[in-house]
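Novice: Residue numbers (numbering that gives the first Met the number 0), protein chains in the order written: chain F, 0 to 357; chain W, 0 to 251.
Worth flagging that the hints you see were computed from the coordinates, not collected in a lab.
Beta carbons: idealized from backbone N, C-alpha and C, even for Gly.
Don't take every hint at face value.
Stated by the list, open to error - Residues of chain W clear of chain F, computed beta-carbon distances all greater than 12 Å:
1) Gly13
2) Pro36
3) Asp139
4) Asp219
5) Thr234
6) Tyr248
7) Leu249
Unchecked claim - List of simulated lysine-lysine pairs, BS3-like, C-alpha gap at most 25 Å:
8) W:Lys122 <-> W:Lys109
9) W:Lys27 <-> W:Lys170
10) F:Lys5 <-> W:Lys130
11) F:Lys341 <-> F:Lys330
12) W:Lys122 <-> F:Lys5
13) F:Lys328 <-> F:Lys341
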Amino acid sequence: MRFLFKTDYNQDINLFPDNVARFWYGLLMVALIAAPFVLENFWLGEISYVLILAVVGIGLMLLVGYTGQVSLGHAAFLGIGAYTHAVLLKLGVPFVISVPAATLLSAFIGAVIGFPALRLTGIYLAIATLAFAFIIEQILIRWEDVTGGFAGFPVPRPEAFGVAITDDVPFYYLCLGATVLAVLVALNLLRTPTGRAFIAIRDSEIAAQSMGVNLARYKTLAFAISAGFTGFGGTLFAHKIGYLAPDAFNILLSIQLLLMVVVGGLGSIHGAIYGAIFVGALPQMIAILRDYLPENIARQPGLEPGLFGVILVFFILFEPLGIYGRWLKVKLYFSLFPLYKKATFKRQKTYTKSERFR
Amino acid sequence: MTLFQADNIAINFGGIKAVDGVSFAINKGEVFTIIGPNGAGKTTVFNLISRIYNPTEGRLIFEGRDITSVPPHQIAGMGIARTFQNIELFEHATVLQNLLLGRHAHRGTKPWWEMVFAPHVRKSELAHREKAEHVIDFLDLQHYRDTLIVNLPYGARKVVELARALCSEPKLLLLDEPSSGLNTEETEDMAWWIQDIKNELGITVLMVEHDMSLVNEVSDRVLALNYGRVLAQGTPSEVQSHPEVVKAYLGG
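Only chain W is shown next, with the shape it has when bound in the complex (with noise of 0.2 Å):
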């Protein structure tokens, strides 16, 4: 079954087109990965997906519903969540804190009621904070709950804008370069979380990935960019072995 469907998206920048004629479907529960040289035109999708780019061109669908000119901040309340590749986190507040901001999408609250602090306020605080406390047991966050993210090791804040995406409670999570950055041990890490995400949490990942081994690993089906074209698409082996990857990748 479709979850998500890009249809002949296109995106230019000035005479630049950094997307030109993109279309893919995502199944429900893959792990569907985006490969490509850079500037391929892999992050520019991913924010195509997030609506903070409008397409020139093309339609996206999720679930059926067309969310082409849905506004940015509303994209997390349907379900899609997503990590950046130069990790965005909120840096001066602390673990706890941004983990809660990734459940603002499912807020109830109204801000005068916040004020005076009336008695559901904290009812639906405490909800917010047992879901976040799912997502730390999750993925081991513990040790790190009350540290500010400033103090935070590189590794350990990777995870936790993976933590911060899953509190949303995604249909769709969007990883940007989930590995980048991180050294062998914690990428075997990542690669289990994945597949953890995929199997125990049942929420479809679509990623954007350079580290080969990860995504042999734990992607379901992948699909090979350059220069804003799609090149090849299928499973792992067919891509990779695919004459015009072999080119995009080594020259020729």
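For reference, chain F alone in the conformation it holds in the complex (with noise of 0.2 Å):
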């Protein structure tokens, strides 16, 4: 077991706690801007689709999983990012104008939509939410001018720096590179106030209040920033579809993302991450699961979302900090090994709460 000697406040602010972590995240990004050159084609086209599913995740984690808002709406989000870019590339608005433009919109709607959230809470904000997805769909699917209506229309390819973005290699680096900014983003978030204060908000809506933290404030700007991640997550979104229909952002994909920061762990960005590659992942699995089922299993339309349905309980009933809390526990186990003991992570009864407030 190694201990960590702290002599500087620094070391509590930095984003690397030592050169351990610093090596190996040195590492992770080297292996990732090798790819190109040691993997095919196809799976730098899923490992893009990670990416960008990362981008949302780490949005929808700091307002889910450190704010405490649940949204059922954020394939919403995700739809006014791409529609958003995907209409100003039509109308010759340039790459890099068009991505900060969907962005900004897509926050902006989120703080719109945060109002709600000022006064609902659990159950109640998610089904608020779920509405507001709705009436985004209905509106992607009425406003044909813009949208083209059911039929959609294909997402422009432009070029920016001379260099076909859609092309698979300069997407993958273009998702990587977003991804990267969105951790960046998050974490600074995260070891300032604004973070702080959306903690708070998640622990104890009446002590943060008492310490200052203005509730509709903090919630409102949780739900621009988290929206901002998504629509920007939407903008790479579209060029990784192709073709932007309203089937696309219907609530099956809202209910995934949500399952992607339940499952990968509620309260941490490696969660946000291990969620995208676990979701982005399970298609594959189970096409590949379908050829071993039988026939009449096999074929059923309704088995996908089935087992994300499946996934989500077991994970909530067996493991609530998701992969990344079993990742925790792993690495306890093998730094403590042979004392580990198994009531380590027992869950210990949490002492009486006041709900007068509430």
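These two chains come separately, so use the hints to put the complex back together.
Specialist: Here you go:
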């Protein structure tokens, strides 16, 4: 077991606690940068998809995992980002402008959707955001002049800095850069007063208020930032699917996104990434699984959403901290070997909490 | 010199008058204790001062300023911090994060600069950390610095909550039953700390407390409430021997 001696406050503020962490994350980065030279384009495409999901996952994690506000409407923000970006591209707006524009529009609409969150909590907020997602889906269907209605439209393939960015390799690097940017912004927020205010709202609104956290302001901000991340992910998602139609942004996608943060592990950025890998890989695994299942089960159209639901239920029951929580346990097991106690992570009794002001 | 004044405050919940025309004044630098039987309205007075409830009548005056209609999140910035009867810590955050949240009222950085972690954000974080470290030293919390609250024993949580309130550098500190659930030894520590807070940090303390030995040890003045009304006010011994107070506690 390693002991980390702290001699400077900066050690708690820096992104990496020590050189060991710096080495491993550096190695991961090198591997990701080198991937196009080693992997086939199919796998690059799969990794790009996971990276896009990771951007969205980090945004949703800030809202659900850190601020404690549930959203079943994030597919709508993804849709807003994707459509805004694609429509602007169609109008001839350059790529480097349409991406921030789509991000900002998503963030703005997110802030507006944040207002119901000031009065609603838990399941009621989930229903409100779900309703919002349906409204956006209907707008995408009805506003035919702009969105092309049910039929949709193909996403333009723009060039930036003289490179066709939708080609496999440039697109992969674009997604990688976007993910690194998203991780950095999220981590920066979380080590400063804004991120701590989010955590405070999640754990005790009444105490947060007494410490000077303006609930209305920070809940709105959390929704705006989360929607901004999701819209940003949406701009890349548009290129990934290549053709925009309203049914790409339905309730099932919202649930998948929520599944991602819950399975990954609520309350950690690692969790968002693990969840993205899981959700990105799951359809492939299900496709492989189909070959081994009896004909009448494998052909069921509900197989995929059904499995998603079952997995979500099992994670909430048996590993509420998700994949990241499991990873922490495995890590501790080896660092304490052979002294690990089975009861280390037994859920402790929580002390009586005042529910009076909820 | 008067630091805080409650002027004839009252609040009704439906037909129940939880607090009914209570007036008192707290002098700068004293420990002022509110006692009373269960349901007397002590915590309601606290919630009125920290602006969680709106009084139906009366005025709250802090440093000569009327704070009756100030929103609750601005109270900490004005210099009033509080603890809660049933511990309201941020449970899935570390002790250090909880203390830094105590500094929230003094934040000086904007979210967009925080997103890029501009140099001045790091500087302000270091300054906040240093203030939090002073409080950690003051209350001997070094050992728990990086522990999650969920993993802390009850007694330590009480101290962390006190520490979080101190981090906001209050002028008036509201302690809602600081000794409830603590053992004798921990209660003695708490009495020492309250005296240190008064003498060394010069913070005025308003406290709700049931443990009469703690009340006698630290309070300068005591106010007794029952059914939302003031029964008696004065030094601890005066209030305890007041016939109305004896009647409220012992029946008669």
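Novice: Against which earlier hints does the structure fall short, listed by number upward?
Specialist: none
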